[in-house]
Amino acid sequence: MAEYKWPEAEKRKYIGKRISRVDGPLKVSGKAKYAYDINRPGMLHGKILHSPYANAKIVSIDTSAAEKMPGVRVVKLVQGPGTTVQWAGDEIAIAVAADEQTATDAIRAIKVEYERLPHVVNDEKLEAVPAANKRTTQEFVQGEPDKAFAEADVTVEGYYGNAIITHCCLESHGQVVEWTDANNVLIHPSTQAVSSISNDLAKALEIPAGNVELKMDFIGGGFGSKFQIDRWGTECGKVSKMAEGKPIKIMLERDAELTIAGSRPSIYAKVKVGAKKDGTLVAWQSEGWGTGGVAGMGAPPLPYMLRTASGIPNIKANFSSVSTNTAPSRAWRAPIHPQVAVITMGALEDLAAALKMDPIEFLKKNINLFAPRAEIYSQELDKAMELSNWKANWRPRGAGAPGSTKTVKRGLGVSMHTWGGGGHASNCDVTIHPDGSVDLKSGTQDLGVGTITVLNIVVAETMGLPMEAVKIFIGSNRYPASGSSGGSTTIGGISGSSRRGAVDALNQLFAKVAPTLGVKPEELEAVDGKIRVIASPSKSMTWKEACAKLGSQPITVRGVNRAGDRELSSSGVGGVQIADVSVDTETGIVKMNNFYAVQDCGLVMDLKTAESQVFGAMIMGVTYSLYEERIMDNNTGRVLNPNMEFYKLAGAMDIGNMKVHMMTGKGYDERGPVGLGEPPTNSPGAAISNAVANAIGVRVPTVPLTPDKVLAALAGKKGGQSNAKI
Amino acid sequence: MQKFEYASPTTIQQAVALLGNQWGEAEVLAGGTDLLALMKDYVVSPKRLVNIKDIKELKGITMTASGLRLGALVTFEEILDNAQIKRNYPAIWQAVSGVTSPQIRNMGTAGGDLCQRPRCWYYRAGYGLLAKDEKGNALVPNGDNRYHAIFGNEGDAKFVNPSSLAPALISLMAKIKVAGPKGSREIAADKFFVAPKSDTEREYALAPNEIVTDILIPSASGVKSATYEVRQREVLDWPLATASVALKLDGKTVKSAKITLGHVSPVPVDSEAAAQALVGKTINEETAEAAGAAAVANAKALSRNGYKIQLAKVAVKRAILQAAG
Numbered sequence: 168m169a170e171y172k173w174p175e176a177e178k179r180k181y182i183g184k185r186i187s188r189v190d191g192p193l194k195v196s197g198k199a200k201y202a203y204d205i206n207r208p209g210m211l212h213g214k215i216l217h218s219p220y221a222n223a224k225i226v227s228i229d230t231s232a233a234e235k236m237p238g239v240r241v242v243k244l245v246q247g248p249g250t251t252v253q254w255a256g257d258e259i260a261i262a263v264a265a266d267e268q269t270a271t272d273a274i275r276a277i278k279v280e281y282e283r284l285p286h287v288v289n290d291e292k293l294e295a296v297p298a299a300n301k302r303t304t305q306e307f308v309q310g311e312p313d314k315a316f317a318e319a320d321v322t323v324e325g326y327y328g329n330a331i332i333t334h335c336c337l338e339s340h341g342q343v344v345e346w347t348d349a350n351n352v353l354i355h356p357s358t359q360a361v362s363s364i365s366n367d368l369a370k371a372l373e374i375p376a377g378n379v380e381l382k383m384d385f386i387g388g389g390f391g392s393k394f395q396i397d398r399w400g401t402e403c404g405k406v407s408k409m410a411e412g413k414p415i416k417i418m419l420e421r422d423a424e425l426t427i428a429g430s431r432p433s434i435y436a437k438v439k440v441g442a443k444k445d446g447t448l449v450a451w452q453s454e455g456w457g458t459g460g461v462a463g464m465g466a467p468p469l470p471y472m473l474r475t476a477s478g479i480p481n482i483k484a485n486f487s488s489v490s491t492n493t494a495p496s497r498a499w500r501a502p503i504h505p506q507v508a509v510i511t512m513g514a515l516e517d518l519a520a521a522l523k524m525d526p527i528e529f530l531k532k533n534i535n536l537f538a539p540r541a542e543i544y545s546q547e548l549d550k551a552m553e554l555s556n557w558k559a560n561w562r563p564r565g566a567g568a569p570g571s572t573k574t575v576k577r578g579l580g581v582s583m584h585t586w587g588g589g590g591h592a593s594n595c596d597v598t599i600h601p602d603g604s605v606d607l608k609s610g611t612q613d614l615g616v617g618t619i620t621v622l623n624i625v626v627a628e629t630m631g632l633p634m635e636a637v638k639i640f641i642g643s644n645r646y647p648a649s650g651s652s653g654g655s656t657t658i659g660g661i662s663g664s665s666r667r668g669a670v671d672a673l674n675q676l677f678a679k680v681a682p683t684l685g686v687k688p689e690e691l692e693a694v695d696g697k698i699r700v701i702a703s704p705s706k707s708m709t710w711k712e713a714c715a716k717l718g719s720q721p722i723t724v725r726g727v728n729r730a731g732d733r734e735l736s737s738s739g740v741g742g743v744q745i746a747d748v749s750v751d752t753e754t755g756i757v758k759m760n761n762f763y764a765v766q767d768c769g770l771v772m773d774l775k776t777a778e779s780q781v782f783g784a785m786i787m788g789v790t791y792s793l794y795e796e797r798i799m800d801n802n803t804g805r806v807l808n809p810n811m812e813f814y815k816l817a818g819a820m821d822i823g824n825m826k827v828h829m830m831t832g833k834g835y836d837e838r839g840p841v842g843l844g845e846p847p848t849n850s851p852g853a854a855i856s857n858a859v860a861n862a863i864g865v866r867v868p869t870v871p872l873t874p875d876k877v878l879a880a881l882a883g884k885k886g887g888q889s890n891a892k893i
Numbered sequence: 005m006q007k008f009e010y011a012s013p014t015t016i017q018q019a020v021a022l023l024g025n026q027w028g029e030a031e032v033l034a035g036g037t038d039l040l041a042l043m044k045d046y047v048v049s050p051k052r053l054v055n056i057k058d059i060k061e062l063k064g065i066t067m068t069a070s071g072l073r074l075g076a077l078v079t080f081e082e083i084l085d086n087a088q089i090k091r092n093y094p095a096i097w098q099a100v101s102g103v104t105s106p107q108i109r110n111m112g113t114a115g116g117d118l119c120q121r122p123r124c125w126y127y128r129a130g131y132g133l134l135a136k137d138e139k140g141n142a143l144v145p146n147g148d149n150r151y152h153a154i155f156g157n158e159g160d161a162k163f164v165n166p167s168s169l170a171p172a173l174i175s176l177m178a179k180i181k182v183a184g185p186k187g188s189r190e191i192a193a194d195k196f197f198v199a200p201k202s203d204t205e206r207e208y209a210l211a212p213n214e215i216v217t218d219i220l221i222p223s224a225s226g227v228k229s230a231t232y233e234v235r236q237r238e239v240l241d242w243p244l245a246t247a248s249v250a251l252k253l254d255g256k257t258v259k260s261a262k263i264t265l266g267h268v269s270p271v272p273v274d275s276e277a278a279a280q281a282l283v284g285k286t287i288n289e290e291t292a293e294a295a296g297a298a299a300v301a302n303a304k305a306l307s308r309n310g311y312k313i314q315l316a317k318v319a320v321k322r323a324i325l326q327a328a329g
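As given, the protein sequences belong to chains A and B, one line each in that order. Our numbering applies: residue 168 is where the first sequence begins, and numbers increase by one. Our numbering applies: residue 5 is where the second sequence begins, and numbers increase by one.
Any given hint could turn out to be false.
From chain A, some residues computed to sit far from chain B (all C-beta separations above 12 Å) [as the list claims (entries may be wrong)]:
| # | residue |
| --- | --- |
| 1 | K198 |
| 2 | Y201 |
| 3 | R275 |
| 4 | A317 |
| 5 | R474 |
| 6 | T574 |
| 7 | A678 |
| 8 | A681 |
| 9 | R725 |
| 10 | S737 |
| 11 | D800 |
Taking lysine-lysine pairs in the DSS-like style, the calculated list, with each CA pair at most 25 Å apart, reads [claimed, not checked]:
| # | chain 1 | residue 1 | chain 2 | residue 2 |
| --- | --- | --- | --- | --- |
| 12 | B | K304 | A | K278 |
| 13 | A | K679 | A | K638 |
| 14 | B | K7 | B | K51 |
| 15 | B | K7 | A | K235 |
| 16 | A | K443 | A | K532 |
| 17 | A | K235 | B | K44 |
| 18 | B | K304 | A | K884 |
| 19 | A | K301 | A | K224 |
| 20 | B | K139 | A | K278 |
| 21 | A | K224 | B | K139 |
| 22 | B | K139 | A | K235 |
| 23 | A | K523 | A | K884 |
| 24 | A | K876 | B | K304 |
| 25 | B | K7 | A | K278 |
| 26 | B | K136 | A | K224 |
| 27 | A | K278 | B | K51 |
| 28 | B | K285 | A | K573 |
| 29 | B | K285 | A | K243 |
| 30 | B | K44 | A | K278 |
Hints are computed from structural coordinates only; laboratory data are not their basis. Keep in mind the model is a prediction, meaning the values are calculated, not measured. Heads up, the beta-carbon is just placed ideally off N, CA and C, and yes, glycines get one too.
Turn these sequences into a full structure, and let the hints guide you.
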């Protein structure tokens, strides 16, 4: 009888092995179809008119000229006169036409009169933000911080922060929606939530949830920005109805994508940290602020990882939320973690430098403060030191690592991070057909994490079948509901549901064939395409022969993983990253030499896609550390760089050499799979910022570490200025 | 983009006859790497597009004892693939190699590089070449000017000249040959670019019905040249500052120098001061540094582009050292 628990290492045929993404060939050959590629018969195109102003009251809208244009089918207001738009890019109206250009001409012909109101779009200079836009969201105290600072042997003060970045999905947000009849709707979206956004669309269109069918084979990036149906999604359904149900495609233009479709909050902080002479961390104090748009933002956990009962004993952490006239932030791959890592790990590195300690030695000295993952971090720090040849390459701050020249300084920096990542609620149906074929259906999605591949691995592993004997169907809300892909919950969730479904289906098959083999079902196992008796492996039948016993009726079994279920997966991981950079001190340009990641995610389901996911996170990390920034203009209230020209991303030659090591074996495997999407994205900013500080001998306060800031930090160093006062 | 008429002439005379007497009526299409994006963003909306890619006379690279001729339609990739240019005119070859996108290299042309429009984000967002809001307030001085001019920014134009080739061409004393309805004329490369005083003017010395036909570079025999671009990324990225130098040496002593800065001013800056700082000197780290300092002595930062002064200085220093080998 097959069991749910994951097979032991020596019995695993696919789990934890290096298996190529099964949908890779479709993607590289262009055969994979994304929402953007969907072209339905008779399809019309919708274009959105966005507000040019960051804060303005709509006085009047005249759509008459647009409506009269030949080829225009629908002109619909999204927000009418009297409404106040609170960020540039907010949706005002939609025009639908037979082709994109006519729809564009139509929205350009709409005349809107605005009454402009004052706006605030930048928050780094907190003193320049009006009082009405600021509120305190956190006044946290633990222990006796004032006393602890008074008794500390060494304290350092610094200013650290993160500019706002966007999600910048390669495939912009959008969808194709059509009414297949008077009551039923079909949507092809680009979404991280296949099983849930159809319900939001149904609600908006006032039809039963079951009347919306959703199909999505592939998604071109989400990173936390595609959980909602979004107003452009519901409006797409409404204008389709107005156009006799014709399919309508609305995809955001690149400028809108970068302006309104998701951003990561800024977080800045003035920090003071104190330690004893031997490096023991005793006190933390921070005055932070940041914005997530009009609504401001909540209270981030500072210090990162260390604000626990077993963390830094004495903490004072205040935070101010700033409201700005910018589009609302969205969850960004490890919400808040990368920003608080930059602040926390930056301050700790500065403290280690003041103590004249190797930062890894400093972290190890304080490793127990990082409970409950102290042991994992210890092992990972050792591994990362080995990969980076830390002892040979690291030099004290400003001394210049080997290879430094008069102008180009090399430095190494380290950071640690954590994340939860327990599996989400997931359902799937596993079917064994009488002809021996096997399939799995689940309303999940593959954001690129390898969902399809891992489902395939679990079913094939469980049934003792080759990978290609199993077919995986996902991306439809008509399949059993599965959680949205966010918070690194997918692999944990779908592994659990598919394992249970496959085990239960297999046990039903065992029950069918046991009499033929003359044993009880629990005496059987499925190995190498055979069903055989465990105690006497020569007594067997082929998988095909076994399935033929089913007669005409296939076996279909529902596999379930409940949210919070910790039988097959768990939550909580640790990771360590080391960055090795070179800084041109004459130009302020930072180049990546090497970047090392050591990552834990419990039981690795597919080593190759796991490593790929970490590589992806590291590349994203290099990009937000060195280049990415949403630049807001105080004059116009608009995003100045809503394009791929000045919204800078790293290219292949900018990322340096990368090495990933996944922690496996005892202490890891028995925890079952844990999500991996977010964790490795958390440390790059801190590790790279620390490497730059190590190279040039001074902290560059905020990411991205652009040449202007690096040069300013170097100039400040010459002038003997301190980083910040609290 | 707005609808337009598309003309595809096969001779220069036909092409110029198809261009109007007013800027904006018609636009010249070569590689289209800039123009099509401008049209899609409604920054320019010509009534007519004159495609010059079918004009054979505008193609080809010729090198003779008297110099190098680049047809206006020569692509960046053709320049990169030309070993003679690499050997004899390294300043040009290095400038082109800074454009790291294979797509742009394959499509972008030498003539188009000279005539492309500024990358100023206010201009590209529809606030006009001189970047003013509805009330006529200048947006650059109080706005985000991190990529704007550090020289020649006293007037209304505060963008930087975007040409990759211009600094090298000016340093090598090239001439730009242009054709109009009345025939051809040659413009010295350092006179080709102008700072516009109104939104209806252009940044180059062409008449609305003239096109660039040839780039003529005198023989570089005995000239040591180089271009150094300060770019943040290896992937396609605009330089933050560029310097091209052309040096003539007498033994180890600099006999003459021509040093031009790009991406720092509405027109490339031909720095006589930097050249003078070098003449009569032997090239080393110190003299190159001094020339860099001389080059930026009169630079004037806007509110947040002071760092570009340092970058321009470094670009000059490194271009000199690179040229001297």
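Going down the list of hints, with the structure as the test:
no.: 1; hint: K198; in the structure: holds, 23 Å
no.: 2; hint: Y201; in the structure: holds, 21 Å
no.: 3; hint: R275; in the structure: violated, 8 Å
no.: 4; hint: A317; in the structure: holds, 40 Å
no.: 5; hint: R474; in the structure: holds, 35 Å
no.: 6; hint: T574; in the structure: violated, 9 Å
no.: 7; hint: A678; in the structure: holds, 59 Å
no.: 8; hint: A681; in the structure: holds, 61 Å
no.: 9; hint: R725; in the structure: holds, 48 Å
no.: 10; hint: S737; in the structure: holds, 39 Å
no.: 11; hint: D800; in the structure: violated, 5 Å
no.: 12; hint: K304(B) x K278(A); in the structure: violated, 41 Å
no.: 13; hint: K679(A) x K638(A); in the structure: holds, 22 Å
no.: 14; hint: K7(B) x K51(B); in the structure: holds, 7 Å
no.: 15; hint: K7(B) x K235(A); in the structure: holds, 18 Å
no.: 16; hint: K443(A) x K532(A); in the structure: holds, 11 Å
no.: 17; hint: K235(A) x K44(B); in the structure: holds, 23 Å
no.: 18; hint: K304(B) x K884(A); in the structure: holds, 23 Å
no.: 19; hint: K301(A) x K224(A); in the structure: holds, 22 Å
no.: 20; hint: K139(B) x K278(A); in the structure: holds, 19 Å
no.: 21; hint: K224(A) x K139(B); in the structure: holds, 19 Å
no.: 22; hint: K139(B) x K235(A); in the structure: violated, 31 Å
no.: 23; hint: K523(A) x K884(A); in the structure: holds, 18 Å
no.: 24; hint: K876(A) x K304(B); in the structure: holds, 19 Å
no.: 25; hint: K7(B) x K278(A); in the structure: holds, 20 Å
no.: 26; hint: K136(B) x K224(A); in the structure: holds, 23 Å
no.: 27; hint: K278(A) x K51(B); in the structure: holds, 23 Å
no.: 28; hint: K285(B) x K573(A); in the structure: holds, 23 Å
no.: 29; hint: K285(B) x K243(A); in the structure: violated, 72 Å
no.: 30; hint: K44(B) x K278(A); in the structure: holds, 20 Å
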